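Each chain is listed here by its residues.
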Amino acid sequence: MKGDSNEQALLKGLANNDSKAIETIYKDNFNMVQTFILNNNGSYDEARDIFQEAMIALYEKAQTESFVLTCQIKTYVYSICRRLWLKRLQQLGRFTQQVDSLEETVAVEEDLETHEKRNAEFVIMDRALNSLGEPCKSLLEGYYLKKMDMNALASEFGYTNADNAKNQKYKCLLRLKKLFFSQYNIGE
Amino acid sequence: MDDILLLDAIERYLNGEMNAEERDYFEALRKKTPEIDQMVVEHNMFLHQMDLYVAHSNIKHTLNDVHTQLISKGDIYEGGEIPTRGKIIQFWNKYKRVTAIAASVGGVIALFISGLALYFSSIVTDPKLQQLGKDLEAVKKSQQYQGAIINEVKSKIPLNARLLSGGSGFLIDTKGYIVTNAHVLRGTGAIVVNNKGEEFKSSIVFIDQLKDLAILKITDSDYIAAKSIPYTIQKNNADLGEEIFTLGYPRNDIVYGMGYLSAKTGFNGDSLSYQIQISANPGNSGAPVFNKDGEVIGVLSTRQAQAEGVTFAVKSKNIYSIVEDLKNSDSAYRKIKMPTKSTLKGVVRTSQINKVEDFVYYVKAYGK
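Sequence lines, in order, name chains Z and W. If you count the first sequence from 1, position 32 lands on 50 in the working numbering, and the numbers rise without skipping. If you count the second sequence from 1, position 180 lands on 1187 in the working numbering, and the numbers rise without skipping.
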């Protein structure tokens, strides 16, 4: 069962954060996952959460160079969601009437492990960025996230010249690095 | 200040913004000074993390945008009733293409039938055929869902309430006290059903989330108390390797299962429970676990998701402690009397089950 060329194109679009491709995958799979979660003691919000997490996992997988999806997107997404949901239910210690396992699934444990590691890193970076305070946070976001150039940043933040803004950026970066690595090493 | 200069140099080096001369100088410096070398590696890794972070937040952003867009377009639903009939139409829409390829109604029917056959014989040859089988299953599921609603109407569950979860429970006092798992009782109330399908209203009188045990009291006037309970509840610990059996409601009919006690502690060394080897299914939660003499040794509660047959049961002595707690909390419950005489010792299994099954109930929890 190899994903056809249409699916390959969709995945390529996903890897490039192309909203058209993402919309197609979303539309084709969301309802299935929502039904599954709702039928298994979940809420609409939980369905959305789980589905989006699965999409991010698929996105991460699609970005790796060695990437091959050996099954249909639908099967993969369903498998990830199922696994994630089972895990969440287990964390809650529930063992009532739930989780029908009639659909086809593929093994996704390894992918999920990678995904969870990435997720943890994301959370650490997010926390570090948010505890920086202003204007450090916006300055770094401007430079590294929005990829603005130093002159534009200087005028936006009101620095007299790009060099001063750059200096400030590095000071902020040093602080961010410190925050990040203090958490990151513990996380390891 | 030096740190900042160095950081600037490292970043320019990593971004390839240095000219050849500068780069040679910097590389020589890197070779000579391990600290700087380490900083370069560290910074490179950090920048990589930043890139991942950026990508991650961007995709999250896109996903949220797409979600809101699709909702406003009506392609996906959130909130309100589950559009059951809409689902079927959606499945139809999704496979309209397949229909077009088949180009004739006969073709579709043939596909449908082979899909059905494939589903039941569970031999997978063609992925497409199998998918049709799966969708059938989904349709069937939504039909079951509707069926469930129809049944609810004539049951004793309040009209506007929705069934939330189901499990098992068993009597510990003929006055109508039933022990089950705390996690079975989601929502606001519960009814219990005996093995003949008769429903009784009940109220939740005690919940201990930590021990995962709860006590229900049947409050229904239709309930006729039996003369005595045939089993006793064990006060001390059971032995490793003891043969055990359970009766519960993973489906509407009572189901028997048998196994053995495999460890004296539960999941991750939890000393409140046992590990037992028994095949349990959702709905078995709250079912009594008996030893071969028909003594209750535990309350079946959870299973390990990834392992086959690894199930956990809350130790029966916890039942005594929650009953004590209940008695202490409210004098109205002082009169609970746990069964003291077993009539099951040395009796063959089928007649043990015969005697016990009337005392095991299907617990249905409901909420708004």
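Treat each hint with caution, since some may be false.
[Stated by the list, open to error] Derived coverage of chain W by chain Z (criterion: at least 3 residues anywhere in the stretch with Cβ under 8 Å from a Cβ of chain Z; other residues may be distant):
1. 1010–1022
2. 1056–1070
3. 1077–1085
[Claimed, not checked] For the chain Z half of the interface with chain W, some residues (derived, Cβ under 8 Å), not all of them:
4. 35
5. 44
6. 59
7. 177
8. 185
9. 190
10. 191
11. 195
[Said to hold, decoys possible] Calculated lysine-lysine pairs in the DSS-like style (CA-CA distance at most 25 Å, straight line):
12. W:1067 x Z:135
13. Z:155 x W:1038
14. W:1334 x Z:38
15. W:1334 x W:1242
16. Z:165 x W:1242
17. W:1067 x Z:105
18. W:1080 x Z:45
19. Z:38 x W:1242
20. Z:195 x W:1038
21. Z:45 x W:1067
22. W:1242 x Z:30
These are computed hints drawn from the structure, not numbers from a lab. Bear in mind that the values here come from a model prediction, so they are computed numbers and not experimental data. The beta carbon of each residue, even a glycine, is placed where N, CA and C say it ideally should be.
Now the hints, each set against the structure:
no.	hint	verdict
1	1010–1022	holds (count 4)
2	1056–1070	holds (count 13)
3	1077–1085	holds (count 5)
4	35	holds, 6 Å
5	44	holds, 5 Å
6	59	holds, 7 Å
7	177	violated, 15 Å
8	185	holds, 6 Å
9	190	violated, 11 Å
10	191	holds, 7 Å
11	195	holds, 6 Å
12	W:1067 x Z:135	holds, 17 Å
13	Z:155 x W:1038	violated, 34 Å
14	W:1334 x Z:38	violated, 63 Å
15	W:1334 x W:1242	holds, 18 Å
16	Z:165 x W:1242	violated, 68 Å
17	W:1067 x Z:105	holds, 22 Å
18	W:1080 x Z:45	holds, 11 Å
19	Z:38 x W:1242	violated, 64 Å
20	Z:195 x W:1038	holds, 23 Å
21	Z:45 x W:1067	holds, 16 Å
22	W:1242 x Z:30	violated, 62 Å
Violated hints, listed in ascending order, are 7, 9, 13, 14, 16, 19 and 22; each of the other numbered hints is respected by the structure.
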